[in-house]
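Trainee: Single-letter residue listing:
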Amino acid sequence: MGADVQLASEASCHLFSGCGFPAPGLGEFQFKPIFTVAGVEFTKPMLLAIICALLVVGFFWAAFAKPKLLPSKFQLVGEIGYDFVKRSIVLETIGKKGEKYVPMLVSMFFFVWIMNIMSIIPFAQFPVMSRIAYPVGLAAIVWVTYMGLTFKKHGFVGGMKNLCWPSGIPGWVMVILVPIEFFSNIFVRPFTLAVRAFANMFAGHLLIVVFSVASWYLLSPTIGALYGSVSFVVAAGLTAFELLVQFLQAYIFVMLASSYIAGALEEAH
Amino acid sequence: MAPEVLLAAEEKMNPLLPAWPEVIIGLLCFFIVFGILGKKLLPSIEKVLGERRDAIEGGMKRADAAQAEAQALLEQYRAELAEARHEAARITEHAREQGAALITEMREEGQRQREAIVAAGHAQIEADKKQATAVLRQDVGSLASQLASRIVGESLEDHARQSGVIDRFLDELESKAAAAQGASK
Chain A
1 MGADVQLASE ASCHLFSGCG FPAPGLGEFQ FKPIFTVAGV EFTKPMLLAI ICALLVVGFF
61 WAAFAKPKLL PSKFQLVGEI GYDFVKRSIV LETIGKKGEK YVPMLVSMFF FVWIMNIMSI
121 IPFAQFPVMS RIAYPVGLAA IVWVTYMGLT FKKHGFVGGM KNLCWPSGIP GWVMVILVPI
181 EFFSNIFVRP FTLAVRAFAN MFAGHLLIVV FSVASWYLLS PTIGALYGSV SFVVAAGLTA
241 FELLVQFLQA YIFVMLASSY IAGALEEAH
Chain B
270 MAPEVLLAAE EKMNPLLPAW PEVIIGLLCF FIVFGILGKK LLPSIEKVLG ERRDAIEGGM
330 KRADAAQAEA QALLEQYRAE LAEARHEAAR ITEHAREQGA ALITEMREEG QRQREAIVAA
390 GHAQIEADKK QATAVLRQDV GSLASQLASR IVGESLEDHA RQSGVIDRFL DELESKAAAA
450 QGASK
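Note that the protein sequences, when read in sequence, are chains A and B.
Under my numbering, the first residue of the first sequence carries the number 1, and numbering increases by one thereafter.
Under my numbering, the first residue of the second sequence carries the number 270, and numbering increases by one thereafter.
Derived from the structure by calculation, the hints contain no laboratory data.
Just so you know, even glycine gets a beta-carbon here, dropped at the ideal spot from N, CA and C.
Watch out, some of these pointers could steer you wrong.
Derived lysine to aspartate or glutamate pairs resembling EDC-like cross-links, with alpha carbons at most 16 Å apart [claimed, not checked]: (1) Lys-161(A) - Glu-267(A); (2) Lys-66(A) - Asp-408(B); (3) Lys-399(B) - Asp-436(B); (4) Lys-68(A) - Glu-315(B); (5) Lys-68(A) - Glu-79(A); (6) Lys-316(B) - Asp-83(A); (7) Lys-398(B) - Glu-384(B); (8) Lys-100(A) - Asp-408(B).
A partial selection of chain B residues facing chain A, derived with a Cβ cut-off under 8 Å [as the list claims (entries may be wrong)]: (9) Glu-291; (10) Leu-306; (11) Met-329; (12) Ala-332; (13) Met-375.
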């Protein structure tokens, strides 16, 4: 059951009209399939993910396909975005060795950001990253890269040591610390990476929906109109706030991915 | 909690459980983005950024080189100018010295010539005078002795010449004339 369906069914319901508040819930994150192929339901988030990928590719294609020494305005914007991720996130975190991972992390940043922004784009109005599958996929890529680099650089034993054996700690603390580090680096990191992005987008979307639905529900020729307008202002404010969170979550996601890669490439100690 | 779980169970939805088709679609989308950006677009912009960096650095290098060259040229001109001035001063000084030397030399030459001419004149005068005196003395002597011999009637010529009377007389006469001349002056 999609958000649109639910709102439409409750459209006539207002405060003091005898019906309860149609509180939005998990249903907001489930969509009727647009079509079904071989038992696989093709839903709105999937469509949005594909649109996001095309938007990112389209933007950078327009900006960078025929680059010039004297950049056009479009190319300039692309360059600023590219340079921001490259310098302020990747090279800043990993250093000169990070040059190799710039394309992956740049792609990841813009893909995640655009998927988040979908939250406040009219008609889309849904952050793709609030479906756990998308952050899980991306976190899996980060995890595979992280583990792969760690073991490729240090070998299996060295890699395990890099993951679990912090330096400069007295021996007896290691008894506690090594299992924690092992658990933290190998299991918790990818999990939190995915869940952080997911939960922020999930909560943000839910907040906007709650206040939007409430504005409509409270709107009636009574004192409710006042509540309704307050709710609307909050919804508008939250939308602006979400714009910040969307960027921030993309930034944090890529920043953490960079720091994991930096940890994997760290010299043995 | 219970109703939510129920709701989730009813709608077969747990927000923390990824749906595999979505994971695959998400990964596919990411790899499309990564593939096109990583293989084509980012290398191409990276190349242009590098070229731009080179162009800017190259331009700055060229400007630096041009400035350095201009500076060197300026230094060279200044040095040449200073040298030329020095040379001119040296030449002027030399010419002045040479002129002064020439003037001195010519003056000395003139002096010498004048002196030579004067000396020659003096010598000539002296010689003429001596000659005239000698002739006069001879003539006066002979005339006086002739006159005296006529008066005495005998030839005293030889005697007089031997005794030098005439000469003495004449010297006396001369000194008298000189004294008279000195007094008149």
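Trainee: It remains to establish, for every hint, whether it holds in the given structure.
Mentor: Now for the hints, and whether the structure bears them out:
1. As the CA atoms of Lys-161(A) and Glu-267(A) are separated by approximately 11 Å, the hinted pair is consistent with the 16 Å bound.
2. For the hint pairing Lys-66(A) with Asp-408(B), the CA-to-CA distance comes to about 137 Å; that exceeds 16 Å, so the pair is violated.
3. Of the supplied pair hints, the one linking Lys-399(B) and Asp-436(B) holds, its CA atoms being roughly 15 Å apart against a limit of 16 Å.
4. Taken as a hint, the Lys-68(A) and Glu-315(B) pair is honoured in the structure, with Cα atoms around 11 Å apart against an allowance of 16 Å.
5. Under the criterion of a C-alpha separation no larger than 16 Å, the hint pairing Lys-68(A) with Glu-79(A) is consistent with the structure, at around 11 Å.
6. Among the hinted pairs, Lys-316(B) with Asp-83(A) is consistent with the structure: their alpha-carbon atoms are about 13 Å apart, no more than 16 Å.
7. Our distance criterion of 16 Å between C-alpha atoms is broken by Lys-398(B) and Glu-384(B), whose separation comes to about 20 Å.
8. For a cut-off of 16 Å, the pair hint linking Lys-100(A) to Asp-408(B) is broken: about 141 Å separates their Cα positions.
9. Satisfaction of the interface hint for Glu-291(B) is found here, the shortest Cβ-Cβ separation to chain A being roughly 3 Å, below the 8 Å cut-off.
10. Look at Leu-306(B): its Cβ gets to within about 5 Å of chain A, closer than 8 Å, so that hint holds up.
11. Taking 8 Å as the C-beta cut-off, the interface hint given for Met-329(B) is violated, the closest approach to chain A being about 15 Å.
12. For Ala-332(B), the shortest C-beta to C-beta distance to chain A is roughly 18 Å, which exceeds 8 Å, and the interface hint is violated.
13. Nearest Cβ of chain A to the Cβ of Met-375(B): about 79 Å, over the 8 Å cut. The hint is violated.
When the structure is compared with the earlier hints, violations turn up for hints 2, 7, 8, 11, 12, 13 and for no others.
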